[in-house]
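Number of protein chains: 2
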Amino acid sequence: MQMIAEVYGVMRDGLGMKPDEMADIFARWNDGPLKSYLIEITAKVLAAKDEKSGGPLVEVILDTAGQKGTGRWSAMEAQDLGVPATVIEAAVAARGLSAQRDQRLAAQKVFGAANMRVGDTLGDKQAALAALEHALLAGKIAAYAQGFAVMSRASEAWDWKLPLGVIAKIWRAGCIIRSVFLDDIAKAFAATGNVGNLMMVEPFTTTLKRTEGSLRRVVSAGVLHGIPMPALSSALAHFDLSRVGRSTANLIQGQRDFFGAHGFERTDSDGKGFHGPWSTAPV
Amino acid sequence: MQMIAEVYGVMRDGLGMKPDEMADIFARWNDGPLKSYLIEITAKVLAAKDEKSGGPLVEVILDTAGQKGTGRWSAMEAQDLGVPATVIEAAVAARGLSAQRDQRLAAQKVFGAANMRVGDTLGDKQAALAALEHALLAGKIAAYAQGFAVMSRASEAWDWKLPLGVIAKIWRAGCIIRSVFLDDIAKAFAATGNVGNLMMVEPFTTTLKRTEGSLRRVVSAGVLHGIPMPALSSALAHFDLSRVGRSTANLIQGQRDFFGAHGFERTDSDGKGFHGPWSTAPV
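Protein chains in written order, with the numbering used here: chain Y, 9 to 291; chain H, 9 to 291.
Keep in mind that the hints are not guaranteed to be accurate.
Unchecked claim - Once the Cα atoms are required to be at most 20 Å apart in a straight line, the calculated PhoX-like pairs of lysine-lysine come out as:
1. Y:K280 - H:K43
2. Y:K117 - H:K76
3. H:K280 - Y:K217
4. Y:K76 - Y:K26
5. Y:K57 - H:K280
6. H:K280 - Y:K60
7. Y:K133 - Y:K26
8. Y:K280 - H:K60
9. H:K26 - H:K76
10. Y:K76 - H:K177
11. Y:K280 - H:K26
12. H:K117 - H:K26
13. Y:K43 - Y:K169
14. H:K280 - H:K43
Hints listed in this document are in silico derivations from the structure and should not be mistaken for laboratory results.
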């Protein structure tokens, strides 16, 4: 939902689109790989008219979202299990900050409103909309990869023997995230048993390869124009962190050894607990 | 530390700089507004030579970081309190993924290595380094704003009466995050009592205004070139979510009312629990 809201933000604030026009786009996307209950109702919410004003209903709904607490609870469990759930965490934070409307308005007064119009940063309107569709698909794959990894780890940690493929099928049949996407997830689990990383199995790998460039361009456009991108940027960061062959954690291990004598491993030797030639006593 | 590692990533992989050269830059930054123990030791870690190979030590340290669990614990408490701590969450996730080195290498094989060279995306080298310094400063302000907001809320929730200005002074005197920055935080608390949002008090507001553009350009460059930006992009998203006058949560409230009859507020009336003209029964 947060990712859909971010894409809506690019359409509304970046491209200046009206609700009816956006409704048509989401309805069209619902005939493609994004087909899902949430995309379907997004089209309906955007198309709905307000009985009082006669205008688009979405324009008179206050921009402060509530939450039941399931996102927060999932995030805490994921932290406890040591599995990244940064996309859920970003979505929870975004809802929380949306509710602080007075503070947002005060901050906007101090910092000025962002100039959100993206111009031709994403190409012409058709190109921009294609990029948004692909960005949402790529972001969704990374987010589901996190979610299924959390469940997989929970299943191991607590010996739950969760049938993750079956869970995908159950969700497919009746839950707000029901989507054609879950069919592919169920198939992936049926084919390969426990899927460590959903991004690494087909058809998700091929789809990600095809769409990651769009996710980069959409996040970049949002980032440059002040359109908040918490979930999409977290999804992209998850992908980039997950596939970087050489990370920057060597520097962090150097820092940790410097201040806390935590020791590090070496690229050229086995073993742990190597130390640098620091003359300073550990803190 | 994660933000420093991301800036190091841009220097190393985006600009092709060598450890000695990076050490000089961090040493120089330690004479400016970033002056802090972590910047100081980053310079020293980058300058250190490996006794075995004679080359830069940082190059032979394995890129898999450990963690003691304080980040995870802080993130869980922040979630429990309902206060965003997305930068800490991003840093915890980055450490966790760094430790999964075999999976990263396998994913890089499947997706290909990112072409991280940023070319002149950030201007010439001097301009790029200036942008990195400013990006780190802006990111740090947003991250500290989250951290102090968590402590402030904890203090209220548990009636701890935490003297946050004094805490800043204590950290200043002996802790790995000791930095000149904490002097300004202590002063801000002394001047204004409880600071709701550190981004909204001086000198942080003025510094953020001056540096947010650099943060945008650095995150954008990283995002476009596959240089992981989890913490810096989360910090920027936090700033953008905190100062957007009109969020996109109206769409989310529409969705929540559609599928769950959660009700919404209106922009033109007081009261809660308004509903849209949905014909579908709630799920």
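The hints, checked one at a time:
no., hint, result
1, Y:K280 - H:K43, "violated (32 Å)"
2, Y:K117 - H:K76, "violated (41 Å)"
3, H:K280 - Y:K217, "violated (44 Å)"
4, Y:K76 - Y:K26, "violated (30 Å)"
5, Y:K57 - H:K280, "holds (19 Å)"
6, H:K280 - Y:K60, "holds (16 Å)"
7, Y:K133 - Y:K26, "holds (13 Å)"
8, Y:K280 - H:K60, "holds (16 Å)"
9, H:K26 - H:K76, "violated (30 Å)"
10, Y:K76 - H:K177, "violated (38 Å)"
11, Y:K280 - H:K26, "violated (25 Å)"
12, H:K117 - H:K26, "violated (25 Å)"
13, Y:K43 - Y:K169, "violated (30 Å)"
14, H:K280 - H:K43, "violated (49 Å)"
Consistency with the previously given hints fails for numbers 1, 2, 3, 4, 9, 10, 11, 12, 13, 14, ordered from lowest to highest.
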